[in-house]
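Here the structure of chain A is known, so what remains is to put chain B in place on it, guided by the hints.
In order, the protein sequences belong to chains A and B. In terms of this note's numbering, the first sequence opens at residue 2 and continues consecutively. In terms of this note's numbering, the second sequence opens at residue 2 and continues consecutively.
Don't read these hints as lab results, they were simulated from the structure. Quantities reported herein were computed from a predicted structural model and do not represent experimental measurements. Note that the Cβ used here is the ideal one computed from N, Cα and C, for glycine as well. Incorrect hints may appear among the rest.
Capping the alpha-carbon separation at 25 Å, the derived lysine-lysine pairs in PhoX-like fashion look like this [unchecked claim]:
| no. | chain 1 | residue 1 | chain 2 | residue 2 |
| --- | --- | --- | --- | --- |
| 1 | B | Lys107 | A | Lys66 |
| 2 | B | Lys145 | B | Lys107 |
| 3 | B | Lys95 | A | Lys95 |
| 4 | B | Lys47 | A | Lys47 |
| 5 | A | Lys89 | B | Lys145 |
| 6 | A | Lys95 | A | Lys66 |
| 7 | A | Lys145 | A | Lys95 |
| 8 | A | Lys47 | A | Lys66 |
| 9 | B | Lys107 | A | Lys89 |
| 10 | A | Lys66 | B | Lys66 |
| 11 | B | Lys145 | A | Lys95 |
| 12 | B | Lys107 | B | Lys95 |
| 13 | A | Lys66 | B | Lys95 |
| 14 | A | Lys66 | A | Lys107 |
| 15 | A | Lys95 | B | Lys89 |
| 16 | B | Lys107 | A | Lys107 |
| 17 | A | Lys66 | B | Lys145 |
To give an idea of the interface, some chain A residues facing chain B are shown, with a C-beta separation under 8 Å as derived from the structure [to be verified]:
| no. | residue |
| --- | --- |
| 18 | Leu105 |
| 19 | Phe119 |
| 20 | Val153 |
| 21 | Leu154 |
So these bits of chain A aren't anywhere near chain B, every CB distance computed over 10 Å [unchecked claim]:
| no. | residue |
| --- | --- |
| 22 | Val94 |
| 23 | Lys95 |
| 24 | Glu114 |
| 25 | His122 |
| 26 | Glu136 |
| 27 | Leu149 |
| 28 | Val161 |
| 29 | Pro164 |
2 protein chains.
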Amino acid sequence: MTEELENQEVEETSPEADELEALRNENEELISTLQRLQADFENYRKRAQREQEALVARAGERIVKELLPVLDDLERALEAAEHHEETKLEDGVKLVHRQLEQLLEKEGLAPVETDGMFDPHVHEALLTQPSQAEEGSVIEVLQKGYRLGDRVLRPARVVVAGPKEEPGGDPL
Amino acid sequence: MTEELENQEVEETSPEADELEALRNENEELISTLQRLQADFENYRKRAQREQEALVARAGERIVKELLPVLDDLERALEAAEHHEETKLEDGVKLVHRQLEQLLEKEGLAPVETDGMFDPHVHEALLTQPSQAEEGSVIEVLQKGYRLGDRVLRPARVVVAGPKEEPGGDPL
Chain A
2 MTEELENQEV
12 EETSPEADEL
22 EALRNENEEL
32 ISTLQRLQAD
42 FENYRKRAQR
52 EQEALVARAG
62 ERIVKELLPV
72 LDDLERALEA
82 AEHHEETKLE
92 DGVKLVHRQL
102 EQLLEKEGLA
112 PVETDGMFDP
122 HVHEALLTQP
132 SQAEEGSVIE
142 VLQKGYRLGD
152 RVLRPARVVV
162 AGPKEEPGGD
172 PL
Chain B
2 MTEELENQEV
12 EETSPEADEL
22 EALRNENEEL
32 ISTLQRLQAD
42 FENYRKRAQR
52 EQEALVARAG
62 ERIVKELLPV
72 LDDLERALEA
82 AEHHEETKLE
92 DGVKLVHRQL
102 EQLLEKEGLA
112 PVETDGMFDP
122 HVHEALLTQP
132 SQAEEGSVIE
142 VLQKGYRLGD
152 RVLRPARVVV
162 AGPKEEPGGD
172 PL
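Bound conformation, chain A alone (with noise of 0.2 Å):
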C-alpha cells in the first residue's frame, strides 16, 4: 500500500485523476460502440427492406413460372378449337384444368365444404328455399368458395333450405 501510494505520489496522479482517465476511455469506448450499433441497425434497415422486395417479387415469380405450362396447353386447346379438333380441344381443357387445380392446391387453395349445414364463416347464402332437406343445411353452391391456409379466400355462395315443407297430414 505505501508503496503504492508512493508510486502515484511519483507520477503526480490522484486517484481522481485515475478515475478521470478510465471514464473518459469509457466514454469514448461508448460512443464508438454506439456509433457503429446506430450504422448496423441503419444498414440491417436497409438490407431488410431490399430483400422484402425482392422476396415479394420472388414469391409472385415463381407462380408465374408455373403458370408458363398452363398457357401452353391453353394456346394448344385454343389451336385444337381452330381446327374443330373437339376431342383434343376437351382433353386438352380437362389437361389444363388439371395443371391449375394442382397448381393452386400446391399453394395450399382448398375448396370449402358445402355438405351440411350452412356456416356464415365460409358460405355466403344467396336464396333461402323451402326444402324436404333439413332447415338451415346447404342445398345448393351456386359458386364454390374456397379458402388458403386458415383464410376463407372467397365463400361458397349457396342456397340454404328453408322450413320444411309439410306435405300435409305427414304422421309424426
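Okay, now just chain B, sitting in the frame of chain A:
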C-alpha cells in the same frame, strides 16, 4: 474568476470533481441510450422477420385469388364439353386464355421477341436448318419464351437458319 474559485471552495468541489461528476452522468446516459438502441434493434429485427413472412404469404395469396375466376371459367368450359356444346367450349377456352394472359401480363410477364436474329440471351436453338432466310435468323418457334421484367423466365425454343441454300447458278 476569484469569485468562482471561492464558490468552489465553499462547496468543497474542485474542477476535477466537477468533471468526474459530469463524466459519470454522461456515462450513465450513454449506457441507457445504448441499451435502448439495442432493444429497438432487436424489436426491429423480429418485426422485419414477421413482416417478411406475411409479405411472401400475401404475394402468393394475391395471385391465387386472381386465379379463382380462371378456375371457375375452366370448370364452366368443362361442363360445356360434357354436354358437347362445342361453341360454348371454344368460347370458354378463349375467355380463360384471355384472362390468364391478362393476369400474367399484369404481373409483368412479356413474351420473348422471336423476329430477327437468334439471340442466345433469350433464345435456345434446338435445330439449325438450311434456309433461304438470313443465316442465324430465327425461322420457327417451337415453344414461346417469356421474360418477367428484366429476367428471362424461359428462353424461346427456336429453329435457326443455317447457311443459305444456293439454288445453283443464282446470279449475283
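Each hint tested on the structure:
no.: 1; hint: Lys107/B x Lys66/A; result: holds (14 Å)
no.: 2; hint: Lys145/B x Lys107/B; result: holds (18 Å)
no.: 3; hint: Lys95/B x Lys95/A; result: holds (14 Å)
no.: 4; hint: Lys47/B x Lys47/A; result: holds (15 Å)
no.: 5; hint: Lys89/A x Lys145/B; result: holds (21 Å)
no.: 6; hint: Lys95/A x Lys66/A; result: holds (20 Å)
no.: 7; hint: Lys145/A x Lys95/A; result: holds (18 Å)
no.: 8; hint: Lys47/A x Lys66/A; result: violated (28 Å)
no.: 9; hint: Lys107/B x Lys89/A; result: violated (30 Å)
no.: 10; hint: Lys66/A x Lys66/B; result: holds (17 Å)
no.: 11; hint: Lys145/B x Lys95/A; result: holds (22 Å)
no.: 12; hint: Lys107/B x Lys95/B; result: holds (18 Å)
no.: 13; hint: Lys66/A x Lys95/B; result: holds (21 Å)
no.: 14; hint: Lys66/A x Lys107/A; result: holds (14 Å)
no.: 15; hint: Lys95/A x Lys89/B; result: holds (15 Å)
no.: 16; hint: Lys107/B x Lys107/A; result: holds (22 Å)
no.: 17; hint: Lys66/A x Lys145/B; result: holds (13 Å)
no.: 18; hint: Leu105; result: holds (6 Å)
no.: 19; hint: Phe119; result: violated (21 Å)
no.: 20; hint: Val153; result: violated (11 Å)
no.: 21; hint: Leu154; result: holds (5 Å)
no.: 22; hint: Val94; result: violated (5 Å)
no.: 23; hint: Lys95; result: violated (7 Å)
no.: 24; hint: Glu114; result: holds (17 Å)
no.: 25; hint: His122; result: holds (18 Å)
no.: 26; hint: Glu136; result: holds (29 Å)
no.: 27; hint: Leu149; result: violated (6 Å)
no.: 28; hint: Val161; result: holds (21 Å)
no.: 29; hint: Pro164; result: holds (32 Å)
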